[in-house]
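The C-terminal position of the sequence shown is numbered 421 in full-length UniProt numbering, with every residue numbered one higher than the one before it.
Hints should not be assumed to be uniformly reliable.
As the list claims (entries may be wrong) - Listed next, with one range per pair, are the computed distances between beta-carbon atoms:
1) 59 x 222: 22 to 28 Å
2) 165 x 361: 51 to 57 Å
3) 391 x 196: 32 to 38 Å
4) 163 x 196: 34 to 40 Å
5) 225 x 159: 18 to 24 Å
6) 48 x 364: 51 to 57 Å
7) 74 x 359: 46 to 52 Å
Rather than coming from a laboratory, the hints here were simulated on the basis of the structure.
Think of the CB as a built atom: it goes at the ideal place given N, C-alpha and C, for glycine as much as any other residue.
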Amino acid sequence: MTGTHDQPPAPTSTTGAGGFVVRALSDTSEADWAAATRVDALAFGYVPDADYLDRFLRPQYDLGRFTGVFDPALGDLMVGLGGIQSRSLTFPGRGPSPVAAVTWVAVRPDQQRRGALRHVMTHQLHADGIEPIAVLTASEAGIYGRFGYGLATNRTRREITTPARLRPGTVTDPVLEMPRAEAMPLMRAIHDRVRPVAVGYLDRTDAVWEHLLSEHPFAAAGRPARRFVLHPDGYLSFRVADSFGDGGPDSKLTVGEICAATPAARASLWRHVLSYPLVRTVQVPLAGVDEPLIDLLDDPRALSTAVSDHVWVRLVRLTDAIDRRTYSATARVTVAVTDRFCPWNDGVFALDLDADGGRAHQVDDEPEIRCDIADLGSAFLGGTRIARLATAGRVTGDPAAIGRLDAAMATPLRPFTPEGF
């Protein structure tokens, strides 16, 4: 049962407030692709490189899942757009399941505050009816909460001052640096082993891998070449910028990704990072909150950490989304959900949650808990606790019911997505 409101299909083209025409782009239209790249470049302040965009970005996308906002008064100029990648994300207990990975959300700087973003977010991104869950990484963190997205995973930025070493007795194995061509198939195989049990991981197509590891001059932006180190159960990608100062060597190593299927693989790869010759600073721009580096270091003060937002989750259809994961405790709670943009989610729902999955149906009962759909999105991967949201006043109601829901949605480790999109 989905309640009193059924989700309508998204129209292929509409005329919205402000006289905008809102429509899906065409995957065969060079004009649509050119207009989309122009809007994105203007919004993000870069000079587009046609070769890079055509070789490494366009192959990832079906432009038919992009929404453009056009202004007839400006000669049908595209003023805003947003797209969806069809990806699979790993959920607690269930493994990978399809999600709408929202990307390329942009509005021309000279057309802001006219409602184009609202048209994009409410036209195709929430209403096309394909995936019950949407996810995104935000360029600006204050934008998407009002559209029902909840902050579900955090990212950390780590910096290590060397020399630093692992704790005595840490078990490590030999590792081997390899050229990209040899490393790529091995890395893909390891990622495929890790992803089904690593909550928050996304699948990677050939096009995604090529983009993530591209050394195209536009993507490299003058940085040193990416290098690769392999363990039978893990891999490391990194760059080293060599430098010598008055005091001697002062090189910097930047970790691109560490993916490990076992503790020994993880420790072995970190040992390689920390023992790299002539390096005085190690930077990790993107790491999970529960990446156990601090637990591996002999001196934890060698590590500094900054935390920021990463993946935002939108439950587009609550009744379908709720069974995309399993739950850590059995709970039955009634929740009054507020959803300004998806009326089929707005109402009181009975949530039945257990180790086999979840069920949700609309009821006429008095709710035990009240929250916004964004709050359920925040908690859905286990990275944000319902109890913490309650202390912030975002989730309200009976403390016992809040405790039951919190226990059910919590996970042993917090989720992490080792890429932006």
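So, going through the hints one by one against the coordinates:
1. 59 x 222: 22 to 28 Å: Holds - the Cβ-Cβ distance for residue 59 and residue 222, about 25 Å, lies within 22 to 28 Å.
2. 165 x 361: 51 to 57 Å: holds (55 Å)
3. 391 x 196: 32 to 38 Å: holds (33 Å)
4. 163 x 196: 34 to 40 Å: At 37 Å between Cβs, range holds.
5. 225 x 159: 18 to 24 Å: Given about 22 Å between the Cβ atoms, the range holds.
6. 48 x 364: 51 to 57 Å: Cβ of residue 48 to Cβ of residue 364: about 54 Å, so the range 51 to 57 Å holds.
7. 74 x 359: 46 to 52 Å: holds (48 Å)
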